[in-house]
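Chains A and B, in that order, give the protein sequences. If you're matching positions, the first sequence starts at 1 in my numbering and goes up one per residue. If you're matching positions, the second sequence starts at 1 in my numbering and goes up one per residue.
Check the hints yourself; a few may be wrong.
Chain B side only, calculated, beta carbon under 7 Å to chain A, not exhaustive [said to hold, decoys possible]: (1) G7; (2) V35; (3) S116; (4) E172; (5) A311; (6) A342.
Negatives, chain A to chain B, calculated, CB over 12 Å [claimed, not checked]: (7) A13; (8) R40; (9) V60; (10) R144; (11) G146; (12) A165; (13) G178; (14) G234; (15) V253; (16) E258; (17) A272; (18) S280; (19) R282; (20) T311; (21) H329.
In case anyone wonders, no lab produced these hints; they're calculated from the structure. Note that this is a predicted model, so its numbers are computed, not measured. We treat Cβ as the ideally placed atom computed from N, Cα and C, and that holds for glycine.
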Amino acid sequence: MRRAALDIVGCGAVVRQFHLPALQWLEEHGFAEVRYCLDRNPQAASAIAVRLRRARPLPVSSPSDVDVTGAAIALVATPPEAHYAWARHYLGAGAGVLVEKPAVLTTQEYSLLARASQATGQPVLVGHVRRLFPSARAARDAVRQGVIGAVQRIEAYEGFRWSWATQTDYPVRSRAGGVLYAFGPHALDTSLFICGIDDQAVDDVEVDVVGIDRWPGSEPSHHLRAQLALRADGLEVSVVLHVSRTEPLANLVRVQGERGELLVSADYGRTALLKTGRDSRRLSDGADAEYATSLPGCFLAEHMEMWRAWTRTNGGSLLALDHFGLLTHLLEVLASAG
Amino acid sequence: MRILLVGSTSHVASFFVEEGGRRGWELFGLSRDRVRQEVLYGRASIAPMAVDIGEAMALEAVDAIVNFAYPRNLSTFKIHAATRRLLGDIAALARRLSPKVVVQVSTKTVFGYSFSRNPRPVPVWWAAGDRYVETKALAEWLFLLASRRARYVPVILRLGNVIGPGAYWVSEIARRILFEEPVGRGQSNATYVRNVADYLATLVTTDEHALRRFGVFHHLAEFSSVSWARFVEAIAAVTGRLPVYQETPARSQGLTVRKLATTMAAYLSAILPTSWQDRAEELRGGRHRYFTARGRFESSGWASPPGLHEALEFRSHTLPGWSTRFDLAAALDETVAWVRHAGYAASSDLAEVSGAPR
């Protein structure tokens with residue numbers, strides 16, 4: 001078994017809470033060994049490094065500060081505006097990249113990163129962990145099998161009253177610090193994934209912003225409601241996105257089709273709810289969820305996907321960068337709309 | 001009136017801020033996090049002046065301190081140390097700012113998630129096994145200890161299950177109805193968040209002697225006798241789903257090795273010096289995360305929260321003369337409107353999702 005030398009770039013809350021247990025598991029089972037923990041904040045880097053076997057903290061603020069030669073895989077979990085630069089830096093050094101969501105902020109960055117991945121032959125995976133939830137996969141299967149007929153409408157709600165601590169003022173100062181980039185990627189990607197339209201080429205889909213209401217009026221916003229119309233060959237879907245960090249919301253994706261409706265929780269779940277007429281039933285994913293039996297398990301599954309992509313032992317990952325072109329475009333459109 | 005709010009970004013605190021603002025009070029919000037304060041109060045017409053602990057200490061005297069804060073998202077070892085630090089800060093602020101009254105906002109859950117008898121307004125014996133319950137009960141004890149020889153009037157306000165826009169119990173019931181998960185029809189033991197704000201305002205404006213005569217413990221659950229079924233039916237009507245009721249299941253009893261170990265660890269963590277607790281946490285390292293990830297506190301084994309099946313009433317024990325400002329119909333109206341707004345009911349288009357959120 002090949003052991004990957006892994007670097008962590010960005011040692012914030014998402015790494016501490018979700019990736020760290022998975023990385024410890026990978027180290028224990030010989031899949032990877034974390035080499036460096038990179039962060040602007042030396043204390044944050046040290047706090048993660050001490051919990052790993054031989055990891056060393058490395059205070060850095062930009063890719064040019066560090067030579068990353070020798071890394072096999074990088075986990076990029078910085079604020080989103082730095083994702084592209086770090087991902088390019090590691091690809092250039094011959095490493096595969098697992099980047100937290102959203103992968104990049106613009107379609108231009110997306111194209112450049114996809115090209116760099118192809119040129120270097122190294123995989124780029126995006127941490128859209130909800131694709132691994134059995135509930136989302138079950139709903140996607142149902143849509144594929146035509147259980148609800150043609151998809152007509154999607155509603156995605158995700159909101160919490162902010163209760164977690166911040167280390168910087170990034171959420172209120174950075175253009176990418178708002179709720180659109182915090183909850184929007186998950187809510188939209190889950191919707192596109194379930195409906196099977198995530199792989200549509202950007203040029204093939206006409207996106208019309210029917211309405212948008214956000215506070216504050218420009219990014220970073222903390223409360224956003226938008227209605228979009230997506231049109232492509234054989235596809236016409238209305239999308240409502242409602243995300244907030246000022247109040248709790250229903251935290252679900254509702255997909256309405258000609259013959260029924262699917263409900264998928266934003267939380268980890270084994271099943272999706274299918275409602276057709278007066279009947280309803282729970283759908284479960286037929287596939288064997290190897291690791292995805294809990295939320296921490298899904299993060300482990302995400303890292304195993306990355307390891308397999310690096311060892312070239314999986315054929316096409318659900319998390320591969322190729323699946324996120326339309327999502328990047330939608331986020332870019334919403335960020336500048338209104 | 002000048003009032004210092006500790007934990008001013010909490011859900012209940014935001015309604016008290018509205019109430020205080022309406023009455024023209026000067027409000028100061030002590031919060032660990034300015035960014036959070038900016039986000040949560042940025043669009044509100046009334047917001048407390050954000051202060052950190054140093055700035056709060058430098059304030060001129062205040063009339064009251066109201067504490068909504070409690071530590072969370074921490075491990076067993078750290079959470080008790082954080083609770084002691086928080087209550088220590090409040091005691092120091094109370095010495096410095098000479099308030100007439102200090103209110104510790106607590107919960108009926110200090111008596112446990114389900115009751116063995118009707119809770120009375122007395123101190124609770126500290127129970128271990130759940131970090132939320134432990135934290136709230138420990139905070140009550142520390143507050144009482146710090147208030148023994150204090151000049152201010154100490155008040156512990158234990159709230160019933162808070163309902164209203166954005167409240168946990170409302171979203172949990174709505175989610176359960178929508179996903180066809182079972183709900184209970186026990187005593188709701190509910191209090192409407194705007195009545196909580198009104199009662200807090202009454203507390204801080206009541207004469208000191210009257211407060212002392214009443215006693216430290218106040219219980220607020222003005223809709224305690226209303227069954228959860230009443231709320232469930234109102235919410236279900238909005239979501240267009242029929243609720244699935246679950247009859248009260250048998251409670252799991254018995255002492256397991258894990259329960260015993262959890263209890264011992266919790267007691268130890270409360271009495272260890274802070275530095276030892278931090279060290280113990282470090283020694284446990286990342287393994288603790290795995291432990292919690294597997295559901296360390298899954299103790300009830302019920303399909304729906306025990307609070308939805310409560311057979312006993314958490315009766316209000318409030319100041320004589322205070323009456324409920326908002327009746328059940330008003331509480332239900334606002335709650336149901338929020339359920340619709342939050343996406344539990346399908347919306348037809350953006351225009352239909354009307355009304356600015358709080």
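> Which numbered hints are broken by the structure, listed smallest first?
Replying inline: 1, 3, 4, 5, 7, 12, 13, 15, 17, 18, 19
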